[in-house]
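K.L.:
Protein chains in written order, with numbering that gives the first Met the number 0: chain A, 0 to 506; chain B, 0 to 193; chain C, 0 to 100; chain D, 0 to 635.
Just so you know, the hints here were simulated from the structure itself, not pulled from any lab data.
The structure displayed is predicted, hence computed values, not measured ones.
Quick reminder that beta carbons are idealized off the backbone N, C-alpha and C, glycines included.
Treat the hints loosely; a few may be bogus.
Partner residues are not named here, just some residues of chain C that face chain B (Cβ under 8 Å, in silico) [to be verified]:
1) PHE15
2) ILE81
3) GLY88
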Amino acid sequence: MDYILSILIFFPAIAGILGFVVDKGSAKAYGVSVAAIELLLALGLWASFDTTNPGMQFTEFSPIISQFGISYNVGVDGISLFIVIMAALITLLGIILLRDDTKNMKNMIVSLLFLEMTMVGVFLSLDAIIFYMFWELSLVPMLYIIGAWGGPDRVYAAVKFFLYTFAGSLIMLVGLLAMAYLFHLESGIWSFNLLDWYTLKLTTNQQFWLFLAFFSGFAIKVPMFPFHTWLPWAHGQAPTIGSVILAAVLLKMGTYGFVRFSLPILPDASVTFTPFIMALSLIMVIYTAMVAFAQKDMKQVIAYSSVSHMGIIMIGVFAMNAEGLGGSIFLMLSHGIVSGALFMLVGVIYERTGTKIMDEFGGLAAVMPVYATVFGVMLMASVGLPLTIGFVGEFLVLLGFYKVSAIGTILAGTTIIIGSVYMLALFKKSFFGPVRHEKNLGLKDLDRRELTALLPLVAIVVWLGVYPKPILEPIDNSVKALLVQMENHAQLESTKEAIIVSKKEVK
Amino acid sequence: MYEFVAFYIFAIATTILFLITVMSKNVLYSMTSLAAGMVLISGLFFLLGADFLGVVQLIVYVGAVMALYSFAMMFFDATKDVKEKHGNSTLVFLLGGLMALVFVVMFSAPIIGENIQALYPVGLAENLGVSGNAQDVGLVLFTKYLVPFEVAALMLLVAMIAGIILAGKKMDYSLTECEASDEELQKEIKKEEA
Amino acid sequence: MEIGISHYLILSGILFSIGFVGVLRRKNLLMLFFATEIMLNAVNIAFASIGNYYGDLSGQMFAFFIIAVAASEVAVGLGLLIILYKKYGSLDLDVISTMKG
Amino acid sequence: MENLVYIALFAPFVGSLFAGLFFARSPKTHLVGVVNSSLIGIAFIAAVTLALHVAEHGAVHVTMMSWISAGDLSIPFGFLVDEVSVTMMLVVTLVSTIVHIYSTGYMNHDKAYNRFFAYLSAFVFSMMILVMSDNFAGLFIGWEGVGVCSWLLIGFWYHKEDKTFEENPSISPSWAANEAFIMNRVADLGMLVGIFLIYWNVGSLQYDVVFNALPHLADGLLVSIAIALFIGAMGKSAQFPLHTWLTDAMEGPTPVSALIHAATMVTAGVFLVIRANPLYSLEAVHGVSMFIASLGAFVAFYAASMALSARDIKRIVALSTLSQLGYMFAAAGLGAYWIALFHLAAHAFFKALLFLGAGNVMHAMDDELDIFKMGGMKKVMMGSYVYMGIASFALAGLPIMAGFYSKDAIIETAFNDGSFIIWAILVITAGMTAFYSFRQVFFTFHGEERYKALGFHPHDMYKYVLVAMAPLAILAISFGWFMDNFHEFITKNLPDYEMSHETHHLAPYLGGLVIVLALTGIFIAWKKYAGKGANAWKRDEEFEQSFIYKLVANQYYVPRFYDEFIVQPYTMASKKFWEIDKAVVDGFVDLIGKMSYKSGDVSRGMQTGSLSAYLNWMGVGALLLIVAAAITALIG
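Throw the hints in and build the complete structure from the sequences for me.
P.N.:
Here you go:
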């Protein structure tokens, strides 16, 4: 178990390289088995994970460039553990959902496996340079997936996606380097180790600028308003698998970055920026939900709804209390599951009809009852119905954020209204009413391949909605540790006041 | 006083000669004035106490380079005036004048840093009992600058061979590109422009 | 009146500017070569004078190497010029414009 | 006892799973109806046993497992069966059982028979969670759960097409379902805010902890909590201005209307106020309570006025439900929680009966809803006629009937409280109630047989269905007789409400006044629609042109107002935002891209291919470098 994290990171990549020599016909089977093994490894990690330990576990350390303190340094805690598992799960289900007649199946499988490496790598890295490396590398397979298998405007969308996020990350890189330099000034040694950085006390002015640098990288990835416009394009043009992974995992890298970097390293700036982030997030929640309502394309509705939900996650991250932060991490998972499933569902209907325009459908509930049921479950999870996975995170986030701002919470809480407005409008347009086109009468319901991909997600949606404890508990432990670290690390009294580890000490 | 007079004579003469080189329409005139200017520059070198450099200047420039130019002239029609379109003369002179002005301003400014130590002081060879610029140069050249010197020698050899090959027998067609393909390229370029 | 380093440098600058004007103004490749030679010589003067001023031989050394480079340049350049002339029948720069972007 | 709690709770769930998982795709299976009805019946029996137990030994409190715990928050799945919740459980399971049995007949010919039972049982399960939970979060689970089931059931006939507002004010079942869900969500936000407020100030969401901590909280905070929770209650119980969904919800199958939109779900708001009585009876929130009572009275009158002119048989019943909910809120707001709960139960029985009777009529008339097209149906539908008559008598509050006791108590309460305006409104509304409910009965069952001209061949419902409805009819008559027993039972948990001496003294007169008004209403209805010389065919054209009629017939233009001032602006703003998103936000990003592209395009012009031009550029560059060098030299 000592090297399980390295195995988790590099197994898909090595398998991906080997994938080049696999026979074309068996590429999908190969991909499924590799992804399944990866998922099993991730679950094994969970099994041997000590849920009571809030710190980093299974850490590995080996210097790469010791002069500059760059090292291969990985570890896992309650925050990253489940995102990694989710990434492995979504990749597996996404590969299962791939149609057998996908062109260039082998290339697709190989890029997906490489993508999996970068995703897992990002969430497990404890060294800023390694983190940055995986962060940027994740763009490449995604660029390829969108650019090679996408819709008619795929090149524009792919380039936009790449350049936009890349530009932001470069500024973030400057921030990372500045951070290392400041650390060098302070301690005399070079280090890119996150855990070292956690000990560094920076002045508020330094924190301010570093926060902005980090912000530009993370915010574009999230994507926060007004940096979100690449997302609808990318989703609109990406193939189903691309959208699924993009929405489920890649977006989480942004919010994860905020949790891993901005909050613990720059606690004072994080508190200073909270109103700003809050304003952007609220705009994001309401504005994009309204934009989602105006869409005609089913996939765009879900793309914009993703942005809206990411706004809720951001609010939770900056709630600075265990409820909000833990809730937002749970919401990352639930949003990954739900939006992944929704994109899969849109992909299913797109494969059958060749269109995603809602007005073309209508009455699908009668033609494809199982499909409608699965869609309905995901819809309800998306609008945050209790006893589905969507509620737990959303409830905790709003609950936590209430401590920060009551008005803000009410505004953010409108998400449960306008979220249901666009989702129900989508459902009504596509699934209810008479069947609008004759040809839609003969649509086949979900087949076994699609059910294999979707039913596990349905099961998770219900399971974690009813019994979120196994996941919530480790998250909660790590989140509390993070908040304690923030509190100890903060320079200003006002920051310490804003951070609430446990309100019992306040009351 | 002697240096003063010599400097000004050389300076004014080279300036005028080089101006002729740049302005003249006739290649022959240009070349002749250039050669003359080179000779006068060697005079400047002598004035600066760089005897060896002055000699090299005379031999290499006035002897070898100018001879090469003159031989090359035989390939071109040197008697005809060079026909050139002068696009924007004002701009050219403006730029040139500006540059000269900047140099003058820059160099007439007082120089700081007089305490800089010489690395290889003149008169190095005096320690060995011999004196003179050529000796000094020799000493430095074959100790400190030995490797660059050899590289320069190699470079000259390469240049010589290159010159011979380029100007040599197979002058009928391009060595770097096939003419036919080049014409096609030209056509394509024209098409694209159209 | 003492002739100082400034005089030499100013001379060098003026000669360089003359060469510069030549480079800008002339379209004939051979003339461009001449102008280049002028500029190189101007720089040589500057090197020699600065070397003299500091009493350092390095200046002369550099001038020496510049002369070597100039010689090589002329050898190769003239070879190329001849080929160009054979090909285009002219040495005018405007005729040889194949690099339009 | 613990097992009984779980049986009562999970029997409907098992039924829902049974129908949903195993029979969802199979054609109509009679077994599903039988099994589900019996499972609900089992839940009812469990509830009865629990009620007996509670009456004897007090409340049962079980904690199943922990649900959410993060930070300091810890929410368990805990269930509390005390006097209040067991009353609700009884009402819910009893009405549900009957509605289930009724549905086996009513939905007999529906293709989606099995699906219907899956939804219906799921609804009962959610409702049971709602009433049984021992904390606010659990209540919220049920709250949202019934919302979703209601959405599914209102939109049950989802295949129907959207109509214009003029053709059908509800537009379509799926539209009505969405409206109900979204409007409820508006209220749910209020409720969530209330929950947040409680959590951050009390630290727990358990009822007992919260209610014990209430006296220690600041007044302003208590008012905020009370308002926030009541906003939640307003949505579920369709109080003004969130009431429009209830009449539109009549698009669902009639058993659904009977169960959800009359007997159970809509009373959840009242239940919440009753549940939170320690909060609402605090002196600090007296203003809020008064507001609740006033709003209740207003809604009672408002809904009754709309019912006067309605022509749709189900809408009339829905509006009367709305009106009766107003009564309940009036009682709860005035502090007479046990009376509110009593009326809630009584109303559940007679209103469910009324709805099911209306369902029989609809079934007979091939889903025709317009009472102008019926008439004289008592000949063919004697059973239904009797049931609807009983229910209408109860609703009108005539003596002996259940409605008489409960409604009278509420009116008395208003009088006792000194809120004479509320009292007056409630009394007048009582008269109106009698008029419209009998207008409906007379229109439907008396007079000329207009349906014959339209080619209908009505026949009464299956016999067993009519028999199954009997318990409701019995309770509609006799429930009021047990008022004292109920009072004794419930006041162990709820604060008692004592009438003052004068009120007690005046009670017969007050009751008499109400009865007289009710009888007058019935008489007018008889005279106008069923008596000799009454001609239901003839319509008062002139009156229908009048302002008041139009106002009432158009539901006071509230749906129109929502459409024009909320829905349409929202849609338009959404579209505008989308355009802004494309043009401005994305446009700005593209602009940056285009600028770099353009700058490349422009500088491409420099690439003339002319070497001399390049030399010129090089010269410019060299000059710049020299100038830069000169400047640094001069400065440095």
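K.L.:
Give a verdict on every hint.
P.N.:
Each hint tested on the structure:
1. Annotation: interface hint on PHE15 (chain C) holds; nearest CB of chain B at approximately 7 Å, less than 8 Å.
2. For ILE81 (chain C), the suggested interface contact is upheld, since its CB lies about 5 Å from the closest CB of chain B, less than 8 Å.
3. Because the closest C-beta pair between GLY88 (chain C) and chain B is about 10 Å apart, greater than 8 Å, the hint is violated.
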